[in-house]
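Colleague: Now for the letters of each chain:
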Amino acid sequence: MHRVRVVRRTSPIRDDGDVQEVLATTTLRRRARGALSDERLRRTLRRATDRFSLLRGVGQQTLSNWDELRDAGRAVRTRVLADLPRILERLSENVEANGGHVHWATTAQEASSLVVEVARRRGARLAVKSKSMATEEIALNDHLEAAGIEVVETDLGEWIVQLAGETPSHILAPAVHRSREEIAELFGRVAGHAVSELPEDLCAFARRELRERFLRADLGISGVNLAVAETGSIFIVTNEGNGRMVTSLPRTHVAVMGMERVVETWDQLELMLALLPRAASGQDITVYANAMTGPRRAGEVDGPDEFHLVIVDNGRSEILGTELQEILHCIRCGACLNVCPVYRQIGGHAYGGVYSGPVGAVLTPLLDRAPHAPELAQASSLCGACWEACPVRIPLHDLLLALRRREAPSLPRAQRAVWRAWAETWSRPAAYRASVRTARTASRIVPERMAPDAWTDGRSLPRPPSGPGFRERFDRDEL
Amino acid sequence: MTTRDAFLARVRAQLGTDADVGTGSVAVPEPAYVRDLADPVVAFTEAAQGSGAIVRRIVTDDDLRDLLEETGARTVVRTRDPETAAVLPLLSSVGMGEAAFDSPGAAAAADLGIAGGAWGIAATGSVVIDAGRAGGRSASLLPPGVLFLVARDRILTTAAVLFRRLGEHYPEGLPSQLVLVTGPSRTADIELVLTVGVHGPGRVWIAIV
Numbered sequence: 182m183h184r185v186r187v188v189r190r191t192s193p194i195r196d197d198g199d200v201q202e203v204l205a206t207t208t209l210r211r212r213a214r215g216a217l218s219d220e221r222l223r224r225t226l227r228r229a230t231d232r233f234s235l236l237r238g239v240g241q242q243t244l245s246n247w248d249e250l251r252d253a254g255r256a257v258r259t260r261v262l263a264d265l266p267r268i269l270e271r272l273s274e275n276v277e278a279n280g281g282h283v284h285w286a287t288t289a290q291e292a293s294s295l296v297v298e299v300a301r302r303r304g305a306r307l308a309v310k311s312k313s314m315a316t317e318e319i320a321l322n323d324h325l326e327a328a329g330i331e332v333v334e335t336d337l338g339e340w341i342v343q344l345a346g347e348t349p350s351h352i353l354a355p356a357v358h359r360s361r362e363e364i365a366e367l368f369g370r371v372a373g374h375a376v377s378e379l380p381e382d383l384c385a386f387a388r389r390e391l392r393e394r395f396l397r398a399d400l401g402i403s404g405v406n407l408a409v410a411e412t413g414s415i416f417i418v419t420n421e422g423n424g425r426m427v428t429s430l431p432r433t434h435v436a437v438m439g440m441e442r443v444v445e446t447w448d449q450l451e452l453m454l455a456l457l458p459r460a461a462s463g464q465d466i467t468v469y470a471n472a473m474t475g476p477r478r479a480g481e482v483d484g485p486d487e488f489h490l491v492i493v494d495n496g497r498s499e500i501l502g503t504e505l506q507e508i509l510h511c512i513r514c515g516a517c518l519n520v521c522p523v524y525r526q527i528g529g530h531a532y533g534g535v536y537s538g539p540v541g542a543v544l545t546p547l548l549d550r551a552p553h554a555p556e557l558a559q560a561s562s563l564c565g566a567c568w569e570a571c572p573v574r575i576p577l578h579d580l581l582l583a584l585r586r587r588e589a590p591s592l593p594r595a596q597r598a599v600w601r602a603w604a605e606t607w608s609r610p611a612a613y614r615a616s617v618r619t620a621r622t623a624s625r626i627v628p629e630r631m632a633p634d635a636w637t638d639g640r641s642l643p644r645p646p647s648g649p650g651f652r653e654r655f656d657r658d659e660l
Numbered sequence: 012m013t014t015r016d017a018f019l020a021r022v023r024a025q026l027g028t029d030a031d032v033g034t035g036s037v038a039v040p041e042p043a044y045v046r047d048l049a050d051p052v053v054a055f056t057e058a059a060q061g062s063g064a065i066v067r068r069i070v071t072d073d074d075l076r077d078l079l080e081e082t083g084a085r086t087v088v089r090t091r092d093p094e095t096a097a098v099l100p101l102l103s104s105v106g107m108g109e110a111a112f113d114s115p116g117a118a119a120a121a122d123l124g125i126a127g128g129a130w131g132i133a134a135t136g137s138v139v140i141d142a143g144r145a146g147g148r149s150a151s152l153l154p155p156g157v158l159f160l161v162a163r164d165r166i167l168t169t170a171a172v173l174f175r176r177l178g179e180h181y182p183e184g185l186p187s188q189l190v191l192v193t194g195p196s197r198t199a200d201i202e203l204v205l206t207v208g209v210h211g212p213g214r215v216w217i218a219i220v
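Residue numbers (our numbering), protein chains in the order written: chain A, 182 to 660; chain B, 12 to 220.
A few of these clues could be false.
[Claimed, not checked] Okay, the calculated bits of chain B under chain A, using three or more residues with CB under 8 Å as the criterion: (1) 36 to 45; (2) 72 to 82; (3) 169 to 183; (4) 195 to 208.
[What the hints assert, rightly or not] Here are a few chain A residues that sit away from chain B, every Cβ distance over 12 Å (derived from the structure): (5) Glu421; (6) Pro458; (7) Glu659.
These are computed hints drawn from the structure, not numbers from a lab.
Quick reminder that beta carbons are idealized off the backbone N, C-alpha and C, glycines included.
In isolation and in its complexed conformation, chain B is listed as follows (with noise of 0.2 Å):
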């Protein structure tokens, strides 16, 4: 077996010692989008319908009724992101049951994930969510649909404000698993036909609350 001082030593012999590293870092540009970001939730709203989910905006306990209803799902697993409480008291008003999230198992037979995100991403319409926070990943992955509830004020406008801040983010290290998702699963593995759900969650509902 190699160990890891005859590994690197073998990389550095052969990079030669005369190489100018150099000290300061590489400037890295951030994207800039030609769409419009000014609003973070407009622009959020229209790339997350873009990349195949549905979008609503919560603002009372009869819109986010409505939009449980309108899953269709009878059986939910909900993570402890603390935005998923909001649906707690509306579950049986709508005919749906809970199942504990204790297990992939449980998640695998539920009709609908119920997940809080972490953050927003404006331009390209991206759920950030956090295994730490959620308390695990696969509610949010191995049912048929997931709804997303989002905070208006958790969006921000890239990918790039948010990595380059998550020092100050995370001070105590990054969670076990940090996943930017944006729309339902999807491939085009057979004759480039584009087909949603074929791992993942086929049908993403977020709410804007």
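For reference, chain A alone in the conformation it holds in the complex (with noise of 0.2 Å):
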């Protein structure tokens, strides 16, 4: 058996912060091994995963027609997809009717190298970010650093883990790994002095650095909630109100989106705002929930001279028209992971890419194609939480049965004719009782341990009943 060195930090497989180099020369068993010997790491992600799912309950506890809305929330995301091409042109021409500018990327490399085109051209120096996971999934920071141009992540734990070298563990609280003691000490290093471990004290500081940084920046990025194509406009929410600030500060704002994060009308935008922060963190409604259409107008004071919005492709479009076609209508909440019990253990940086949780273990293998991709949806036990908690109902179980079948070897022809032969046996009643009585009888003489393997271990072979079996007690009218 391999044993894995177990490093006593929360970031063991965190080095270099390149996701595209974690999956390519990790395995999830090694990540997970990691996580798993990580006290700290599985204690708090207990508390945040009980807490997130807490308080969905009691979101969805205020209204009366919860079910209904995710029933609505499915048709409306299925229908979306389903009219892409046409609601994604509307979207474009409204968006240059506002007088914004609209880019489309086939892969994520041409997606960076838009955004980095239209930052030289503006001469921007410095940028300021709200949360993304588009900007994550196309590595945006790499390509405008490589450009001279600083990054700042600001909403406050997106800027925790830029400060460690490190990338978002959990969609909504990207820096629960880390301790107050440990912010503190990526803070001093910043203020170049000691500074107060406590929390309101850490966010004041937080304020004044990250406020500099609004005032002066001259790029705003942020993601894309959900566009809305009949007016051409987009929605962001937030708590912290960062995503205010870069939207409305710097002179030019460039928005990230996959180009499936999209709805036709204000009524469909209205449900997703119903079903989202709710499923989220159990609010009614963010903080902001911000919709901009366009750039600043004559008269205004503030907000962008320029919008661009940059529409993403990366592999999306080849899950369209496929089995799996359903992971597209997510509206990354989050309610998946805190329900799953195997990110409840290993946590968001064990899977090893952008996304994590049960929608991770489906996405990243679509969107990555790095070689330990594939393994991801093996993270699951199938148990359908997941499906359960989704605001719009998607079947992840399904879909990560999906994956699997088409990542499975083709087995031996021998051994295929065993498993088609058992499959055959137990579908006739006479046959399978006849194999049950052979079984009992061989039972008796196999270990109860078998052959050690991966699967083996911690498995042990069932004992026959001591008496009658269930059918027997059934013939004889005992039951």
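Build the complex: two chains, separate frames, hints provided.
Modeller: This is the structure:
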């Protein structure tokens, strides 16, 4: 059995922060072992995921038609995807009519290059960013920094992980794996002196530091929670207000969206706004729910002079029209992470990609071609808790099974014959009973422990009942 | 660089032409709140207070003067929303100075931003702000405190009511930014401890006028 060296930090697998690198060079098993041996990480994860799940339950109870809304959410997402080309066309026409610019990116590389090009043309030196999974996915920060542009993450949790040279471990609480002492140490390096460990003092420090950067930045970069095609608007929800800052203060605003993050109409947006914060954190609404339609207008004191929307494919179109299409319904609430018995034990970093939890186990192998990406579909017990929690009812367990089928190696002819024979036998009552009788006799002589391999480790063969079995007792009318 | 047509052609090809798109729109039910929203002003007040805002009903100038004093601000910036005009005659009597809201820097230097709400949303206690009506965004965002003045007859029951009639309310098109603001800026990113005022205002007052 191979042993892994246990590194006593919460980031045993995050030396370089390069997502592709992690999935190319380490296995899920190795990353999971690292996480499982970190007691503090597991305690923190339990607290965070329990808290979010509890809040989600409370949030749903403020409405009497939660399940009806989830059904409608699924129907809306289905319709939007089926009609995606027309809706994206409508979105782009309206964004342009409002004075914005639309860019289309087939690959992650192309998406990042487009943003860098806008930054260069505008002479940008400092970019402030609000939380965006899409920009993580295209590794935008690396590209901007390579072009000599400083990038500052402004979501508090994202800033913390940026200072630590890590990636987010939870979609809602990116720095949930870090203690206040560690955060104070990171902030102390920025300040050049020791800073208080009290959360309110740490927040006040972040406010001062980041405020200065918001006012100085010449490029604001955001994600898009959802775009609304009928008016060419983009919609962003945040609690901290950094989303409003990056879209209001710098003179250029670039928004990056996965091509599926769109609805057609405002009543559809309203539905998603009812589902998303409740599923994410149990809030009826986030502190800021921000709809932007084009750049600043004449006579307004602030707001960007230029607005750019980058629409990213990066492997998404290949999911369309397949049995896995429904993964593109996801609105990134994080509910599936909090209920997943696997995520709750190993946390986000062990998934090795940008997206973690059940949604990440499906999405990462589809978007990322790294050698070890496909095994992420194994990181599930298929219990379906994710499906029950999902506000748009994505059957994540079915999608995980479909992915496993894709990746399953073709078995040798003999082994396939054995499985087929077993299936045939147990499809017939008489043959089934005969086989059970044989198994009863056989199990008295076969050892309880099977030949050791990864699957049998921790499992034992069932023992036959000492008295009469269920069927015998049923036939004798004893039940 | 990918052109729009090439991008969309690929998406179309992948979806297949036999996909039954349908023509009708999907029925979208409105969220049904368990809470009683029959009196929007009462419901709004409850929800806004629940989100951490301080809500006062303003009947007389004295009510508004008391509220201004309660904020403890010395320097204020004001948006051009029509509701904010009500504070003008009172500012000097409570020892406040107004700085012109002509740049984000001016807003950042003020103790208090005073802004009008284009709408109130009773179900969630949200104030809807409109960058066009306000003449800018940062007055309600950068100061450590913000005072929203919301007319009682502009308080709607739910966001659905507003969103389904945006075309009527904004026949000329949507403003550059429309934000639903619900309580003070907050985060729980450090050990899940709720902390207010991390980026936006940590203190929010709402005057129902």
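Colleague: Compare the structure with the hints numbered earlier in the document and write down the numbers of the violated ones, lowest to highest.
Modeller: 2, 5 and 6
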